[in-house]
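**Student:** Heads up: the protein sequence lines correspond to chains W, U and H, in order.
Going by this note's numbering, the first residue of the first sequence is number 1, and it counts up by one from there.
Going by this note's numbering, the first residue of the second sequence is number 533, and it counts up by one from there.
Going by this note's numbering, the first residue of the third sequence is number 749, and it counts up by one from there.
Hints listed in this document are in silico derivations from the structure and should not be mistaken for laboratory results.
C-beta atoms are modelled at their ideal positions from N, C-alpha and C, and glycine is treated no differently.
Any given hint could be a false lead.
As the list claims (entries may be wrong) - Simulated pairs of lysine-lysine, PhoX-like, Cα-Cα distance not exceeding 20 angstroms:
# : chain 1 : residue 1 : chain 2 : residue 2
1 : W       : K292      : H       : K786
2 : W       : K283      : W       : K478
3 : U       : K539      : H       : K786
4 : W       : K490      : H       : K862
Stated by the list, open to error - Coverage of chain W stretches by chain H, computed from C-beta distances (three or more under 8 angstroms per stretch; other residues unrestricted):
# : segment
5 : 43-54
6 : 104-113
7 : 193-199
8 : 243-256
9 : 477-490
To be verified - Pairwise CB distance ranges (calculated):
#  : chain 1 : residue 1 : chain 2 : residue 2 : range
10 : U       : T728      : W       : G393      : 31 to 41 angstroms
11 : U       : A723      : W       : K292      : 37 to 47 angstroms
12 : W       : L177      : U       : A703      : 55 to 65 angstroms
13 : H       : A810      : U       : Y596      : 13 to 23 angstroms
14 : W       : T426      : U       : A723      : 51 to 61 angstroms
15 : W       : E88       : H       : Q870      : 43 to 53 angstroms
16 : H       : T903      : W       : Q164      : 52 to 62 angstroms
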Amino acid sequence: MTALLSLNDIQGNIVKGYGRFGFPFARYIFYSVRDAAAGRNFVSSLIPLITTSVPWKTKESGGVVKPEAAINIAFTYQGLKNLGLPRESLQSFPDDFAMGMRGRRDILGDDGKSAPENWDPIWNKNTEQVAIFVGINGQTKNAIENAYALIQKKLYEAGEGVLQLAGHTGDGGVNNLPYQDASAVFENGTPTAKEHFGYTDGIGEPFFKGTGENPAYAMGSGKPTGHAPNTPFGWEALEPGEFILGHRDEARELPLAPSPHLLGHNGTFMVYRKLHQNVGSFKKYIQEEAKKHEDKDEEVIAAKFAGRWRSGAPLASFPTKAAADAFMTEVDDAKQKLRKARGTVEEVMAEARYITLLSKLVGFDYTDDLEGGRCPVGAHIRRANPRSALEFGVKGAFNTPGALSNRRRILRRGLPYGNAADKTDTGNHGIIFMVLAASISRQFEFVQQQWINYGNDFKLANEKDPIIGNHHVDKSGKGNGRMIFPARPKTGRSPHFCRHMPRFVETRGGEYFFIPSMTALQMIADGTVDPT
Amino acid sequence: MGNTAGKAYGLTLLCPIKADVGGYSYGDIIRDRLEGLMLNHNSPMAKVPNTYLCRLYVLDDVFYEGYPAKEEHLKSRYLVFCTNFYGSLETYLQEMWNKIEKDVRFLWEHCIAFDRVQNAKEFVAYIKKCQVKNTLFFNGSTDEPLAEQLKSLYLKQEFSRFVFNNHGKTAGELQRAFREFVAITQPDNLAGPSWTPGMIEESPHHNYENHLQTAR
Amino acid sequence: MSNIAGKSYAMNVITPIKWYMAWLNRLIFWAAQLPLFKSKLTGLITLSLIHYARWAIVRPAAFPRLDPSQPRETIKYHYMFFFSNFNGSWAQYVDSFHMAIPSGLNLFWERNVKYPGSVPLQPFHSYITYNQIWTNHYYNAYPLAASNDVKAAKTLKAALLDFIAKTQNATPEDFKKQYEALLNNTQSCISLMEPTPIVSLSAQAVQDRLSAAGRKGQLGEAA
Chain W
1 MTALLSLNDI QGNIVKGYGR FGFPFARYIF YSVRDAAAGR NFVSSLIPLI
51 TTSVPWKTKE SGGVVKPEAA INIAFTYQGL KNLGLPRESL QSFPDDFAMG
101 MRGRRDILGD DGKSAPENWD PIWNKNTEQV AIFVGINGQT KNAIENAYAL
151 IQKKLYEAGE GVLQLAGHTG DGGVNNLPYQ DASAVFENGT PTAKEHFGYT
201 DGIGEPFFKG TGENPAYAMG SGKPTGHAPN TPFGWEALEP GEFILGHRDE
251 ARELPLAPSP HLLGHNGTFM VYRKLHQNVG SFKKYIQEEA KKHEDKDEEV
301 IAAKFAGRWR SGAPLASFPT KAAADAFMTE VDDAKQKLRK ARGTVEEVMA
351 EARYITLLSK LVGFDYTDDL EGGRCPVGAH IRRANPRSAL EFGVKGAFNT
401 PGALSNRRRI LRRGLPYGNA ADKTDTGNHG IIFMVLAASI SRQFEFVQQQ
451 WINYGNDFKL ANEKDPIIGN HHVDKSGKGN GRMIFPARPK TGRSPHFCRH
501 MPRFVETRGG EYFFIPSMTA LQMIADGTVD PT
Chain U
533 MGNTAGKAYG LTLLCPIKAD VGGYSYGDII RDRLEGLMLN HNSPMAKVPN
583 TYLCRLYVLD DVFYEGYPAK EEHLKSRYLV FCTNFYGSLE TYLQEMWNKI
633 EKDVRFLWEH CIAFDRVQNA KEFVAYIKKC QVKNTLFFNG STDEPLAEQL
683 KSLYLKQEFS RFVFNNHGKT AGELQRAFRE FVAITQPDNL AGPSWTPGMI
733 EESPHHNYEN HLQTAR
Chain H
749 MSNIAGKSYA MNVITPIKWY MAWLNRLIFW AAQLPLFKSK LTGLITLSLI
799 HYARWAIVRP AAFPRLDPSQ PRETIKYHYM FFFSNFNGSW AQYVDSFHMA
849 IPSGLNLFWE RNVKYPGSVP LQPFHSYITY NQIWTNHYYN AYPLAASNDV
899 KAAKTLKAAL LDFIAKTQNA TPEDFKKQYE ALLNNTQSCI SLMEPTPIVS
949 LSAQAVQDRL SAAGRKGQLG EAA
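Isolated chain W, as found in the complex (with noise of 0.2 angstroms):
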């Protein structure tokens, strides 16, 4: 029995990805702080602004009014240290958010040219250390700035006990940006949700229970039953402990937690990534790869690496790139029919229609192509979320069919950054990769080290993911990473084999965040959390 999540207690960015709701632009600020009074201060100036997962008022339900820009925090370990949280406290968290992303450089990988040497000076700043985040979606690019002006005024007033850090680097080789921007790249003045490597982003979401979210979206995003995949009978939503703190998770418990209980409760982890893309080196690296493959198509090899058309369309219920043209125009329309529909019948259709699509986009599985010869079996979206792809077609080896995926799934609330019209390496672009999860070390990190970066639970030895591996270079400066394409089995035809793959995406900075429920936010700022 889950009991419905108090979404008043729990921040935004938790239950929402702000993205699909309206809002195309981010900006992210982070600040240091000095003095624990004045943080604290800080702190208790912003609560009346931060945004709860509260929904939205739409035609049939209440609500409350959907803000211009939603506005939320988080805090680093040093920052809860810095604001004076009591050492018992602090010991009761987990040592990989306690050591931050670059103690944990080799376990992400994090070598070459993604080494924290490398990273935007505001992660290398010895005197100042990063401890609050700051972030800030708005519907339209004022509605971020107005949101910016009022915490700037409240940051004004804290004194210098806090300091808004600069040093984020921008387009033109500037490097002391005072924060990060980002936003979805736009196509003719709409945004899309498109990267810029051309990908559709952000389709593959995790669905759990208690956000009171239409339950016919479990369809192909919660975890496999074993039923059909392509029906909603496949799939049953994710328990919410997996994501929140204080909730039963998928290992039947309240998952690992700060203490005092109410610290933790409602809360979670928040990984903050910012990577950046060569965009020249993938372009002309598909180029090139698409003369040595027997369709000839860049779209194909496009489509190999991800696991999905760049439309977004899945390899795995697409196999070729009409069909899978073709269904992409078709969810766009019920998209829009959607979003235009007046009156209840229609909008009961439209949603309907809608959902029924979408279940084509996500309600996939694995089991019908264990070799390979679809959806490579070291695709990108293969790797991040194998669904019962692990069980490796044995019926019933595992307790249930997604034994091995349910508690290894992330949430993902970031954004593009950067000038989408540069098409080189050095251009200022990439992702602002934000992961959200109960536990880093499980659900981040091991999907990261055991997934991305290497690939023995899929048999492949130590080849690791095409796009986002920490490929490295052979002695003669070139890149050596390596992915084959099987083909379908007994067909006797060949795979296909790229090698030579350059890093594609590099680390340019990033920390590990807690995010607290208003509760605990309500504490830190009062400073009493006392877990006596």
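Once you have looked at the hints, place chains U and H on chain W.
**Tutor:** Leaving out everything else, chains U and H in the frame of chain W:
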């Protein structure tokens, strides 16, 4: 049979250690010696033929689980040796004695009754007295001789390199390249090029590409 | 002290078991090997992470006594010794084991004193760690290979030798055709091995210290 799974053998030993004398703890000495052993391909166990994986630890005592479990203690400490290997027990132990007698003495000399071990035959008898039977031995891998396993791993590595390197070649080029590959790697020759026991990284000579005569 | 040797992790556990439970446990272990009950091990086999593992239930009188001067053991419990060699660290993979084969774990450990059950995770994880003994010397003949690699290598070698024999006198065109068929049949075996990812920062720190202290030979590297 609990001690075997196919041709793989799982030997489990509890070797009682001499009691502490005065300020002298034999158990601690053994543990120090174990900790100081060279690792990987320099481990003494790398010289014992057909050893897949093995480990040693000193068992000081059993653990008290807490009420309502009963508290109890062992009267002796034990050198625990757990090894997974291919083949017959006698052959394995004889080879162990023949190849690393010095290391065996170094690790076992403070075990009770080991001073009576003077040769391979007595070593085998001693070991059998220390052996405990496995209730279940699970083989999640293969039960081939080690040389076979190592050769297969070497071939998997080199053939994978070959496949990636020669993708897209014409039939004639491919066949020529493959014949050269076979000549270098000698797939059916266990005594030919292969991985060595305990190897933690490849050396240049393992990579077949470094042996190619033809210009690349 | 290290439980890690290349891609393999050495898990050692010792747990007490009441004498009247011990015989039942032995029966269960014996039955698990019978063809009729082989399915009990299917989950473990599918996990594919294990090289070799064993359980040994030792009754008090079976603790070796090699000399009259050695005191007789007076313990009452039987003790179940567990040894495993698996790929990945325990911290990382305990979640996988307990989610995938909880009833299998229970089958083998249920009768052990104060065993809390394999679900939920935290008590199970604590129980195992409490009863875990760290390895003082661990040797792995192929640190670069996971269990999957060893198995794939065996399959690939057999297929390769077969292919070589079949194509001894083939024309280039026929050769290529058969070569592609070979690749199609063995495509899941074609991947390159490298050293393990760093699964434990503390183990890595120990390795770095040994290297820095000039004890390179300790790690098996050429001095």
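**Student:** Do T903 of chain H and Q164 of chain W keep their Cβ atoms within the hinted range of 52 to 62 angstroms?
**Tutor:** holds (59 angstroms)
**Student:** Under the criterion that the straight-line Cα-Cα distance not exceed 20 angstroms, is the pair K539 of chain U, K786 of chain H satisfied?
**Tutor:** holds (19 angstroms)
**Student:** Report holds or violated for chain H covering the segment 43-54 of chain W, Cβ cut-off 8 angstroms, minimum 3 residues.
**Tutor:** violated (count 0)
**Student:** Are there three or more residues in the segment 193-199 of chain W whose C-beta lies within less than 8 angstroms of some C-beta in chain H?
**Tutor:** violated (count 0)
**Student:** Has the segment 477-490 of chain W got at least three residues whose CB is nearer than 8 angstroms to a CB belonging to chain H?
**Tutor:** Holds, because 6 residues of the segment 477-490 of chain W bring their Cβ atoms closer than 8 angstroms to Cβ atoms of chain H.
**Student:** Cβ-Cβ distance between E88 of chain W and Q870 of chain H: within 43 to 53 angstroms?
**Tutor:** violated (19 angstroms)
**Student:** So if I understand the rule, the pair passes when the alpha-carbon distance is 20 angstroms or less; does K283 of chain W with K478 of chain W pass?
**Tutor:** holds (16 angstroms)
**Student:** Starting from the range 31 to 41 angstroms, see whether the pair T728 of chain U and G393 of chain W falls in it by beta-carbon distance.
**Tutor:** For T728 of chain U and G393 of chain W the Cβ distance comes to about 36 angstroms; the hint holds.
**Student:** Verify the CB-CB distance for T426 of chain W and A723 of chain U against the hinted window 51 to 61 angstroms.
**Tutor:** holds (53 angstroms)
**Student:** Range first: 13 to 23 angstroms. Now tell me if the beta carbons of A810 of chain H and Y596 of chain U are that far apart.
**Tutor:** holds (21 angstroms)
**Student:** For the segment 243-256 of chain W, count the residues whose Cβ lies under 8 angstroms from any Cβ of chain H; is that count three or more?
**Tutor:** Coverage by chain H holds here, the residue count being 5 at a Cβ distance below 8 angstroms.
**Student:** Look at the Cβ atoms of L177 of chain W and A703 of chain U and judge whether their distance stays inside 55 to 65 angstroms.
**Tutor:** Since the Cβ atoms of L177 of chain W and A703 of chain U sit about 57 angstroms apart, the hinted range of 55 to 65 angstroms holds.
In the structure shown, a violation is registered for the earlier hints numbered 1, 4, 5, 7, 15, in ascending order.
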